[in-house]
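Given the coordinates of chain A, work out where chain B should sit on it, guided by the hints.
Going down the list, the sequences are from chains A and B. Sequential numbering from 1 applies to the first sequence in my numbering. Sequential numbering from 1 applies to the second sequence in my numbering.
For the record, the hints were derived by calculation from the structure and aren't laboratory data. Keep in mind that the hints are not guaranteed to be accurate.
Unchecked claim - Here are some, though not all, of the chain B residues that point toward chain A, as calculated from beta-carbon distances under 7 Å:
#1 Gly15
#2 Leu17
#3 Leu19
#4 Phe22
#5 Asp33
#6 Asp35
#7 Gly36
#8 Trp39
#9 Asp43
To be verified - Coverage of chain A stretches by chain B, computed from C-beta distances (three or more under 8 Å per stretch; other residues unrestricted):
#10 61 to 74
#11 122 to 133
Unchecked claim - Pairwise CB distance ranges, derived in the manner of DEER restraints:
#12 B/Leu26 to A/Arg398: 26 to 32 Å
#13 A/Ile171 to B/Leu4: 22 to 28 Å
#14 A/Tyr209 to B/Leu42: 54 to 60 Å
Only a predicted model underlies this, so the values are computations on that prediction, with no experimental measurement involved. Built from N, CA and C at the ideal position, the CB exists for glycine as well.
One-letter residues, chain by chain:
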Amino acid sequence: MSCCAATIGIASVEDGAGQRQTASEELWLASRVLGNGLRQTDLSVPGVHCGACITTIESALRVRPEIERARVNLSSRRVSIVWKEEVDGRRSDPGAFVRAIGERGYETHLFTPGEEEGDAVLKQLIRACAVSGFAAANIMLLSASVWSGADAATRDLFHWISALIAGPALIYAGRFFYQSAWNALRHGRTNMDVPIALAVTLSYGMSLYETIGHGEHAWFDASVTLLFFLLTGRTLDHMMRGRARSAISGLARLSPRGATVVHPDGSREYRAIEEIKAGEQLMIAAGERIPVDGRVLSGASDLDRSVVNGESAPAPVAAGDGVQAGTLNLTGPLLLEATASARHSFLAEIMGLMEAAEGGRARYRRIADRAASYYSPAVHLLALLTFIGWMLVEGDVRHAMLIAVAVLIITCPCALGLAVPVVQVVAAGRLFQGGVMVKDGSAMERLAEIDMVLFDKTGTLTVGEPRLVNAHEIAPRALAIAAALAAHSRHPIALALQKASAAAPPLAGDIREIPGAGIEARTKDGVYRLGSRVFACGADGATNGQSEAILSLDGRELACLRFEDRLRPAARESIKALHSRGLETAILSGDRHPVVAEIGRRLGIGTWRAELSPRGKVEACTAAAGSHRALMVGDGINDAPALRAAHVSMAPATAADVGRQAADFVFMHQPLTAVPFAIETSRRAGRLIRQNFALAIGYNLIAVPIAILGYATPLVAAVAMSTSSLIVVTNALRLASTASTNAFDRMEPVACPRPLGIGR
Amino acid sequence: MNTLVYLIPIALVLGGLGLAAFLWALKSGQYEDLDGASWRVLDDGDGRPHA
Numbered sequence: 001m002s003c004c005a006a007t008i009g010i011a012s013v014e015d016g017a018g019q020r021q022t023a024s025e026e027l028w029l030a031s032r033v034l035g036n037g038l039r040q041t042d043l044s045v046p047g048v049h050c051g052a053c054i055t056t057i058e059s060a061l062r063v064r065p066e067i068e069r070a071r072v073n074l075s076s077r078r079v080s081i082v083w084k085e086e087v088d089g090r091r092s093d094p095g096a097f098v099r100a101i102g103e104r105g106y107e108t109h110l111f112t113p114g115e116e117e118g119d120a121v122l123k124q125l126i127r128a129c130a131v132s133g134f135a136a137a138n139i140m141l142l143s144a145s146v147w148s149g150a151d152a153a154t155r156d157l158f159h160w161i162s163a164l165i166a167g168p169a170l171i172y173a174g175r176f177f178y179q180s181a182w183n184a185l186r187h188g189r190t191n192m193d194v195p196i197a198l199a200v201t202l203s204y205g206m207s208l209y210e211t212i213g214h215g216e217h218a219w220f221d222a223s224v225t226l227l228f229f230l231l232t233g234r235t236l237d238h239m240m241r242g243r244a245r246s247a248i249s250g251l252a253r254l255s256p257r258g259a260t261v262v263h264p265d266g267s268r269e270y271r272a273i274e275e276i277k278a279g280e281q282l283m284i285a286a287g288e289r290i291p292v293d294g295r296v297l298s299g300a301s302d303l304d305r306s307v308v309n310g311e312s313a314p315a316p317v318a319a320g321d322g323v324q325a326g327t328l329n330l331t332g333p334l335l336l337e338a339t340a341s342a343r344h345s346f347l348a349e350i351m352g353l354m355e356a357a358e359g360g361r362a363r364y365r366r367i368a369d370r371a372a373s374y375y376s377p378a379v380h381l382l383a384l385l386t387f388i389g390w391m392l393v394e395g396d397v398r399h400a401m402l403i404a405v406a407v408l409i410i411t412c413p414c415a416l417g418l419a420v421p422v423v424q425v426v427a428a429g430r431l432f433q434g435g436v437m438v439k440d441g442s443a444m445e446r447l448a449e450i451d452m453v454l455f456d457k458t459g460t461l462t463v464g465e466p467r468l469v470n471a472h473e474i475a476p477r478a479l480a481i482a483a484a485l486a487a488h489s490r491h492p493i494a495l496a497l498q499k500a501s502a503a504a505p506p507l508a509g510d511i512r513e514i515p516g517a518g519i520e521a522r523t524k525d526g527v528y529r530l531g532s533r534v535f536a537c538g539a540d541g542a543t544n545g546q547s548e549a550i551l552s553l554d555g556r557e558l559a560c561l562r563f564e565d566r567l568r569p570a571a572r573e574s575i576k577a578l579h580s581r582g583l584e585t586a587i588l589s590g591d592r593h594p595v596v597a598e599i600g601r602r603l604g605i606g607t608w609r610a611e612l613s614p615r616g617k618v619e620a621c622t623a624a625a626g627s628h629r630a631l632m633v634g635d636g637i638n639d640a641p642a643l644r645a646a647h648v649s650m651a652p653a654t655a656a657d658v659g660r661q662a663a664d665f666v667f668m669h670q671p672l673t674a675v676p677f678a679i680e681t682s683r684r685a686g687r688l689i690r691q692n693f694a695l696a697i698g699y700n701l702i703a704v705p706i707a708i709l710g711y712a713t714p715l716v717a718a719v720a721m722s723t724s725s726l727i728v729v730t731n732a733l734r735l736a737s738t739a740s741t742n743a744f745d746r747m748e749p750v751a752c753p754r755p756l757g758i759g760r
Numbered sequence: 001m002n003t004l005v006y007l008i009p010i011a012l013v014l015g016g017l018g019l020a021a022f023l024w025a026l027k028s029g030q031y032e033d034l035d036g037a038s039w040r041v042l043d044d045g046d047g048r049p050h051a
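Bound-form chain A, shown alone (with noise of 0.2 Å):
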């Protein structure tokens, strides 16, 4: 099973490790009371997605005491596991959970519950779909037996049986389209689903009181299956955005949801971070992030504050120094003030701008809307003016109004309600094989217009993690005793070096980590350190863009290690893909301008912008929006209005939450290819959705005139209309039977989790 090569996530386990303590906390506050000391709670771990991993997951919960099921839906990406409060008189520890699962190499995160409200209308969708396909198929059969010819008392039965089919049919199966087409009618507009319930209205009145009075024909085959096909339309549709949703609101991060208040008494509490107010003291381990805007009391460490305004380098603070929410705790725990209660916290803020730079988005209207506001006008004029044809011709009441029903009922949106959402379905479904989750279809439609891609620099163009770029230079001696110091650490230059250097020997003596300098060794050779070149040399020298290290024996330097961020895999290519395909590209960063212009020049992105604030992110995205529609990829906090601001936006899985909130797709694989491969599918959909709209158009132009003219009988309108329905399915299958350019083996090589299920 080589399939398991779960890029995302290995790296998190030791992620989790400084927060053990509050994620144990948090999970028993968000599990789920199921009565008789059982509990339940439900994890989303993005990274499974074969049998193996199912088997590997649920066996490493199995194996617990205290878990009594656990059962993985690999469609949704979650676990959601059934575990007792206490066993033998001792309290259960959920954290436990998330350990065996992150020991397996998978990601976890908490799932956050409050979208569920979709799916209760996904059912009634399913459930009216079954109703009218099980009247339709039985309404056929009916039919099938009129057609090839019974005579008067029977076909009067079988009528009379299908309309007692029909009926409640039609009632519970259409009230979606009744409800709808009600609601436009009363704002005084009408949509796709007026010409529906006028039509499944009329052909069934129609047919009952032909069927009174003995006549030949009856629709209540064609009303019945128009329904049916629509349903599936609409279900296909609600599915697809209900998938995506869940799976991107399954990644909220595990923290902040709360952090430790101390107390004037000393005592301390874990208390959830709507409740935290300003004045309040607040203990910040190391590995935690900061939940609120504040003050540091006491305490020394280094920040990285990447998600918060794209600086790569961490920065040190110490007591005095404001810190603001959502950035990361290195190295020191730190005991902080609160300075101002979420709701007014600079994430506050950043949600002030998201709501400002709205506006683009929400004048989009989707294809499927567009289509609509001329089709269905054309439809009501046109039978209308074969109602006033036929009047005028033959003066016959009846026979017009048959035959003005038989057009509408022909030229019903059957094939058009199908065009756009399985295209969108599909192509969704390949874009999740590939990585790549999308909210919405219109997202798709949006994707597929764009002429321009802006990235942002850190944790998108770039992996967010710095790598030594100098190991060649370094005496291999002081490279290990650089790593050797360096797995004391959890600072990502520390992690870096770990990562660098082969298997360091262990260093005896005293070692301990100065927060906010380095790491120092006392050993019988002298006095080893690793940090600053003030904190190992005492000496302040020349810095350049990128990050050092210095190795110090006694003050005199040993090495001096360079670092810098990596790019993300495959980032070349994506841009030179991008830039094959006419899309001009930019970066917009709110780092410094020497690491922005290094970046630019080594991808051969030729326009970038530095050191902006998410102000003036925004502001760049709208200024393109002038001559451009824009891409935004994005990661951080900083980029979540800009995210919003743009035509379309992307983040990458590990994006801060509000960024990934804000994003209209999200992927979850490292490659950059991720981007191009959804441009290409989204431009491909779009394309089949216009084959289908003309599919459907060109069904209109043979079968209207069919119509008009009175020759349109049920037998008629039945296979017409399946026909074309037929044909925009096949159609849009035929995205699904390309092999996906972002196929797994264009990841970049991680050790694969051992299966332990499998394989025995």
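Just chain B now, kept in the frame of chain A:
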């Protein structure tokens, strides 16, 4: 004509049974994880912990 009096209700009841079975399966959550179900077929474990 006489046989139709039996056959049509029988056909409708059988169809209705199918519909009821589908609705029941839907309600009991058997369509919640179609991707997972297709993989679980291949799993020859008995669902109990691997000792």
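- prompt: Does the Cβ distance between A/Ile171 and B/Leu4 fall inside 22 to 28 Å?
  reply: Roughly 26 Å apart at Cβ, these two residues keep to the hinted range, so it holds.
B/Leu17 as an interface hint toward chain A, with CB separation required under 7 Å: violated (10 Å)
message: The hint names B/Asp43 as touching chain A; please verify it with the least Cβ-Cβ distance against 7 Å.
response: holds (6 Å)
task: Check the following: the C-beta atoms of B/Leu26 and A/Arg398 are separated by a distance inside 26 to 32 Å.
output: violated (42 Å)
query: Do three or more residues from the stretch 61 to 74 of chain A put their C-beta atoms closer than 8 Å to C-beta atoms of chain B?
result: n = 5 at 8 Å, threshold three: holds.
- prompt: If you take the shortest Cβ to Cβ gap from B/Leu19 to chain A, is it below 7 Å?
  reply: Hint on B/Leu19: holds, closest Cβ of chain A at ~4 Å, below 7 Å.
Satisfaction of the B/Gly15 interface hint, Cβ to chain A closer than 7 Å: holds (6 Å)
message: For the restraint on B/Trp39, tell me whether the closest CB of chain A is nearer than 7 Å.
response: Interface hint status for B/Trp39: holds (3 Å vs cutoff 7 Å).
query: With a cut-off of 7 Å, does the beta carbon of B/Gly36 approach a beta carbon of chain A closely enough for the hint to hold?
result: The hint holds - B/Gly36 has a Cβ within 7 Å of chain A, the shortest such distance being about 3 Å.
message: Tell me if the interface restraint on B/Asp33 is satisfied: Cβ within less than 7 Å of some Cβ in chain A.
response: holds (4 Å)
task: Could you check the hint for me, namely that A/Tyr209 and B/Leu42 are 54 to 60 Å apart, CB to CB?
output: holds (57 Å)
- prompt: Holds or violated: B/Phe22 as interface residue toward chain A, Cβ cutoff 7 Å?
  reply: holds (5 Å)
In this structure, the hints that do not hold are numbers 2 and 12, in rising order.
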